[in-house]
Amino acid sequence: MRVLVPFDTQSPKTRLAPALDAAERELFAKRMLADVLAAIDATPHDPLVLATGPVETTTPVTQDERPLTAAVNAALADADKPVGVVMADLALVTPAALDRLFGLADGAEVVIAPGIGGGTNALVVDQPGFRVDYHGLSYRDHRRRAEELGATAAVVDSYRLSVDIDRPADLREVLLHADGSAAGWLEAAGFE
11 MRVLVPFDTQ SPKTRLAPAL DAAERELFAK RMLADVLAAI DATPHDPLVL
61 ATGPVETTTP VTQDERPLTA AVNAALADAD KPVGVVMADL ALVTPAALDR
111 LFGLADGAEV VIAPGIGGGT NALVVDQPGF RVDYHGLSYR DHRRRAEELG
161 ATAAVVDSYR LSVDIDRPAD LREVLLHADG SAAGWLEAAG FE
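My numbering puts the first residue of the sequence shown at 11, with every later residue one more than the last.
Bear in mind the hints are in silico, worked out from the structure with no lab data behind them. There could be a bad hint or two in this list.
[Stated by the list, open to error] EDC-like mimics (lysine to aspartate or glutamate), calculated; alpha carbons at most 20 angstroms apart, straight line:
#  : residue 1 : residue 2
1  : Lys40     : Asp56
2  : Lys40     : Asp74
3  : Lys40     : Asp189
4  : Lys91     : Asp56
5  : Lys91     : Asp109
6  : Lys91     : Asp136
7  : Lys40     : Asp143
8  : Lys40     : Glu183
9  : Lys91     : Glu36
10 : Lys91     : Asp51
11 : Lys91     : Glu75
12 : Lys91     : Asp116
13 : Lys40     : Asp18
14 : Lys40     : Asp180
15 : Lys40     : Glu157
16 : Lys91     : Asp31
17 : Lys40     : Asp90
18 : Lys40     : Glu66
[Said to hold, decoys possible] Pairwise CB distance ranges, derived in the manner of DEER restraints:
#  : residue 1 : residue 2 : range
19 : Asp31     : Glu202    : 15 to 23 angstroms
20 : Glu157    : Ala198    : 42 to 50 angstroms
21 : Ala87     : Glu202    : 18 to 26 angstroms
Predicted model only: the values in this text are computed from it and were never measured. Using N, Cα and C, we set each Cβ at its ideal position, and we do this for glycine too.
With the hints as constraints, model all of the structure from the sequences given.
Here you go:
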């Protein structure tokens with residue numbers, strides 16, 4: 011299965027500005043992306059970075075300058091199904107957490123990993139008409155959309171998939187629960 015990993019190369023992670031300057035946010039975002047890609051690589055699935063600009067990685071990259079929702083919907087429309095979508099700021103993600111997400115797709119056309127606060131942090135879609143909308147309470151909206159389409163849906167309850175790193179307070183979760191390059195970068199930058 012192809013797994014899309016959306017990544018914003020232009021001013022990433024602006025809500026971390028109280029803790030990290032622009033250059034630091036860019037470096038940290040790249041480290042989180044690397045951790046997410048490594049976790050996907052440890053599963054039997056194939057990551058594809060869906061980026062707003064060039065990205066240095068050995069993983070295949072498709073560039074799409076459109077906003078997140080439009081870019082993901084275009085990729086979903088063109089992709090063979092099923093297709094996964096995993097956000098690039100899931101610094102706590104592990105191959106085991108992803109295996110749980112991907113495994114639920116055997117019995118459901120839409121699998122959703124909700125984020126803390128009501129967002130959608132990861133999906134597996136095996137329903138041709140399903141489209142995303144990442145604004146507001148997207149978890150609720152994606153469940154409703156699946157229901158409207160008559161698609162079978164499943165929800166994966168996973169701490170590691172629910173925590174996206176958006177705010178300065180989230181950085182402690184990386185230090186406490188991750189051991190990848192994002193955690194190493196924070197430690198090297200003096201975070202405790």
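Worksheet item: Within 20 angstroms, alpha carbon to alpha carbon, are Lys91 and Asp109?
Response: Cα-Cα ~17 angstroms, so holds.
Worksheet item: Okay, Ala87 versus Glu202 on CB: inside 18 to 26 angstroms?
Response: violated, 45 angstroms
Worksheet item: Holds or violated: are the alpha carbons of Lys40 and Asp18 at most 20 angstroms from each other?
Response: Holds. Lys40 to Asp18 sits at ~10 angstroms (cutoff 20 angstroms).
Practice prompt. Return holds or violated for the Cβ distance of Asp31 and Glu202 against the range 15 to 23 angstroms.
Written response: Since the Cβ atoms of Asp31 and Glu202 sit about 19 angstroms apart, the hinted range of 15 to 23 angstroms holds.
Discussion item. Holds or violated: Lys40 and Asp143, Cα atoms, limit 20 angstroms.
Written reply: Cα-Cα ~24 angstroms, so violated.
Worksheet item: Do the alpha carbons of Lys91 and Asp56 lie within 20 angstroms of each other, as the hint requires?
Response: holds, 13 angstroms
Worksheet entry | Pair hint Lys91 and Asp136, alpha-carbon separation not exceeding 20 angstroms | holds, 5 angstroms
Worksheet item: CA of Lys91 to CA of Glu36, is that 20 angstroms or under?
Response: violated, 32 angstroms
Item to complete: With a cut-off of 20 angstroms on the C-alpha distance, tell me whether Lys91 and Asp51 pass.
Response: The hint holds at about 19 angstroms.
Item to complete: Please work out if Lys40 and Glu157 have their alpha carbons no farther apart than 20 angstroms.
Response: violated, 35 angstroms
Worksheet item: Does Lys40 pair with Asp180 here, judged by a C-alpha cut-off of 20 angstroms?
Response: holds, 16 angstroms
Worksheet entry | Restraint check for Lys91 with Asp116, where alpha carbons must lie at most 20 angstroms apart | holds, 12 angstroms
Hint violations for this structure: numbers 7, 9, 11, 15, 16, 17 and 21, all remaining hints satisfied.
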